[in-house]
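Q: Below, each chain spelled out in residue letters.
2 protein chains.
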Amino acid sequence: MKARILGLICAAASTAALAAEPAVPYPAGYRDWHHVKSMVIEQGHPLFGSFGGIHHIYANAKALKGYRGKTFPDGSVIIFDLLEAVHEGNAVTEGARKVVGVMHKDSKRYKATGGWGFEGFGGGDPGNRVVGNNAASACFACHQPQKDQDYTFSRLRD
Amino acid sequence: MKARILGLICAAASTAALAAEPAVPYPAGYRDWHHVKSMVIEQGHPLFGSFGGIHHIYANAKALKGYRGKTFPDGSVIIFDLLEAVHEGNAVTEGARKVVGVMHKDSKRYKATGGWGFEGFGGGDPGNRVVGNNAASACFACHQPQKDQDYTFSRLRD
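Taken in sequence, the protein lines are chains A and B. Counting the first sequence from 1 gives a position; our numbering is that position plus 174. Counting the second sequence from 1 gives a position; our numbering is that position plus 174.
Chain A on its own, in the form it takes in the complex (with noise of 0.2 Å):
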């Protein structure tokens, strides 16, 4: 009986842990936001596994004044909004949504990463977590040499 009110305690300490983790929200209307640009990775590429298909870039307009200057204000928004391609009569169009990838900039929440806070939606779904806490190893290991662009990849193009 002990061990069981143990094992029960740990896992709500567990649940406690977890929901401490600041969730990032889920990012309504950025189909709105502006494009800010876009790039098709194919079979071979290093990243074809994670990020295979087309990619467009979405910035609320906090982003977009962090694009243009050397740091993201907090509130900032950036969405990693990735497609099936679809390659079929010399053309590529656009299929299913895999993820709704995002980065939101809150200095104190995320400070473990850089500020911003990770997450990725599954085929877009807004309850399809696919992150959660793993977001230092699954997203900022990767982001973090890009630390002189306040560790985002893609610039803001005409």
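Everything labelled a hint here was simulated from the structure, so no lab data went into it. This structure is a prediction, so every number in the text was calculated from the model and none was measured. Treat the hints with caution; some may be incorrect.
Chain copies aren't distinguished; within one or between two, either way the pair holds.
What the hints assert, rightly or not - Simulated pairs of lysine to aspartate or glutamate, EDC-like, Cα-Cα distance not exceeding 20 Å:
| # | residue 1 | residue 2 |
| --- | --- | --- |
| 1 | 211 | 262 |
| 2 | 211 | 268 |
| 3 | 236 | 206 |
| 4 | 211 | 332 |
| 5 | 239 | 324 |
| 6 | 239 | 206 |
| 7 | 321 | 258 |
| 8 | 244 | 322 |
| 9 | 211 | 324 |
Following the hints, put chain B in place on chain A, whose structure we already have.
A: Here is chain B on its own, set in the frame of chain A:
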């Protein structure tokens, strides 16, 4: 002398006729409009000569209403923003801008071409009009079979 004057009058009349064709305005600020969809047209595609590269479709607020309804209200503007597609390292990235294509709805001014004015701005330069008075043959001829979608090809996606 009489012939020379007549020639000048004819030239003036011809210029007046050209000017009478209502010019499609350059779509200032279109990069902040809603990003509708994207596509890559590759070598071997029947439209590669004219539209090879990666293109993005943008719509202003009125055009968004049009996509959601049956016809596009006057003032709707749809952009076909064509960039070079750079194939390298198993990826396709965006290169220089090739043309900014514009469809501008004004059912009275552009009655002869389905209520749409067509223009292309070479390299995205507002001063470099590549369609001019050739909208009927250079643009509308291909759009005409799309009458059921108010002469547009693109559809809105999530």
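Q: Hint by hint, say whether it matches the structure.
A: Verification of the hints:
1. 211 with 262: between (23 Å within a copy, 17 Å between copies)
2. 211 with 268: both (15 Å within a copy, 8 Å between copies)
3. 236 with 206: both (14 Å within a copy, 14 Å between copies)
4. 211 with 332: both (9 Å within a copy, 18 Å between copies)
5. 239 with 324: So residue 239 and residue 324 pass the 20 Å test inside one copy only (13 Å; across, 37 Å).
6. 239 with 206: Intra 17 Å, inter 14 Å, cutoff 20 Å: intra and inter.
7. 321 with 258: Neither, since 30 Å and 29 Å both go past 20 Å.
8. 244 with 322: Within one copy only: 8 Å inside, 48 Å across.
9. 211 with 324: within (18 Å within a copy, 29 Å between copies)
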